[in-house]
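Line by line, the protein sequences are chains F and G.
Counting in our numbering, the first sequence runs from 1 upward without gaps.
Counting in our numbering, the second sequence runs from 1 upward without gaps.
Derived by calculation from the structure, the hints in this document are not laboratory data.
From a predicted model like this one, the values you see are computed outputs, not experimental measurements.
Don't be surprised by glycine CBs; every beta carbon is placed ideally from N, CA and C.
Heads up, a few of these hints could be off.
[As the list claims (entries may be wrong)] Here are the computed distance ranges between Cβ atoms for each label pair:
1) F:68 / G:56: 53 to 63 Å
2) F:139 / G:68: 35 to 45 Å
3) G:190 / F:137: 43 to 53 Å
4) G:190 / F:79: 50 to 60 Å
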Amino acid sequence: MLEYDFMRRAFVVGTILATILPLIGLPILLKRLSMMGDTLAHASLAGVAVGLCFGFDPLLGSVIACVVASLGIEAISSRLRSYQEISTVIVLAASIGLAGIFTSLTGSSNSISSYLFGSIVTIGDVEFLLVIAVATVVLVVYLLMRDRLYLSVFDPTAASLMGIDERRLNFTFSFLVAITVSIAAKTIGSLIVSSLLVIPVICAMQFARSYRGTLLLSMVLSVIFVHVGLVVSYYQNLKPGSVIVLIAVLGLSVAMFVKRK
Amino acid sequence: MAEVVLEISDLRFSYEDGEVLSGLSMTLEEGELLALVGENGAGKSTLMELVLGRVMPQSGSLRLFGDDISRDAHHADVAYVSQDALRGYRHFPTTIEELLRVHCRFLGVDADVGELLARVGLEGHQRRRLGELSGGQLQRVGLLVALLKDARLILLDEPTTGIDQRFSEELYRLLRGMANEGKSVVLVTHHLSEAAGYVDRALRLARGRLEELPRDLWQGGAR
């Protein structure tokens with residue numbers, strides 16, 4: 001299996017994504033914005049469809065659409081403080097509508113399909129470098145704002161009283177979510193990325209005691225899910241993204257069963 | 001003469017379904033411990049929101065440390081312990097030690113976690129998760145975290161709800177000590193009789209306005 005260049009690359013990309021997804025997934029889960037990953041994944045599809053329709057790089061369209069969608073979620077939720085989850089529903093509906101319209105305008109469903117279920121074993125050089133660049137940005141920015149993010153998720157009111165600029169922090173975090181989801185949607189699939197954002201984190205929360213421990217354990221679990229998924233999909237000739245997410249769901253089921261015992 | 005920390009005059013605030021505060025006025029001086037009472041829905045939490053700058057009044061003025069409050073007002077000198085936040089703490093995956101360390105690191109406070117916990121009677125609880133604490137213990141953690149800031153104005157929204165009388169007494173003593181050191185404290189409470197021996201003044205919020213309760217009604221304050 002590892003004698004093939006495309007499989008080695010798939011393992012490298014999978015490991016990188018599996019490492020950064022929990023950094024984004026844990027705050028999303030604690031902010032009760034689990035729908036956000038799903039919404040941005042659909043926005044990325046709309047961006048891909050727009051890119052294909054107007055003849056520019058679909059991945060670029062995906063990144064732009066995710067950034068615009070995340071800003072839209074932030075803007076709507078700041079106006080509807082009592083019903084913040086509605087913001088994701090509104091942007092999700094708009095994204096699905098746009099994706100549907102532009103997909104029918106492009107006339108080609110093959111490219112769209114590769115984004116729905118991902119194509120981690122057909123990563124090109126540009127995409128490979130993009131994954132590394134995005135992961136580096138996410139990691140560095142996360143490390144710079146980790147304490148502020150922790151405090152803000154813990155108690156937003158107290159955080160703003162400590163001088164933390166909530167709007168700037170939320171904007172930065174939304175940007176990180178947007179670029180992570182758009183790049184992960186291309187590789188592991190837009191239908192799957194939101195699950196991989198939160199499932200390893202939920203698994204880790206069953207056992208870890210601290211925030212840091214939850215983060216580290218969810219990274220380890222995420223890497224295991226991706227690697228096992230890649231191996232199984234290679235030998236069974238299945239779509240890697242789909243297998244990865246099913247392995248993750250299986251892992252979560254086992255974790256919850258063990259926890260109950 | 002003591003500095004006026006909070007000065008509110010003729011403050012009006014309405015939600016879509018009606019006026020909550022109608023011409024409310026009050027002052028709070030440095031080193032004063034003030035109890036704020038009122039029926040549920042009287043507007044106590046709205047008043048807190050206004051002081052915190054989370055909502056803006058329709059008219060009237062609200063001055064914090066001498067400056068007119070605005071959306072951009074800096075609240076570094078204000079600490080707030082809310083009921084809502086405490087309910088959310090239980091689901092946050094962290095240990096008390098980690099929580100205090102992150103707060104201390106961010107605030108630049110050099111303190112020993114064990115000693116901090118001893119201040120609120122939680123010695124030896126460093127490794128406990130927030131989800132493993134009782135309601136009263138969570139209240140103490142919330143208070144401790146708010147006090148790490150060393151703020152000049154401390155707002156507490158019903159901090160003794162769900163905690164036993166022994167710790168309530170300790171909390172009032174702690175707040176009294178802080179007021180004696182020059183901090184100003186606003187204590188929203190439904191248990192004025194319990195706090196009576198510690199507060200300087202008691203105000204009741206009713207029909208959108210504040211009225212000072214006569215001292216003999218709540219047995220007088222004691223510094």
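To see whether the hints hold, each was checked on the structure:
1. Between residue 68 (chain F) and residue 56 (chain G) the C-beta distance comes to about 29 Å, which lies outside the given range of 53 to 63 Å.
2. Remark: the range hint 35 to 45 Å for residue 139 (chain F) to residue 68 (chain G) is upheld by a beta-carbon distance near 42 Å.
3. For residue 190 (chain G) and residue 137 (chain F), the Cβ-Cβ distance of about 50 Å falls inside the hinted range of 43 to 53 Å, so the restraint holds.
4. In this structure the supplied range 50 to 60 Å is violated for residue 190 (chain G) paired with residue 79 (chain F), their Cβ-Cβ distance being about 33 Å.
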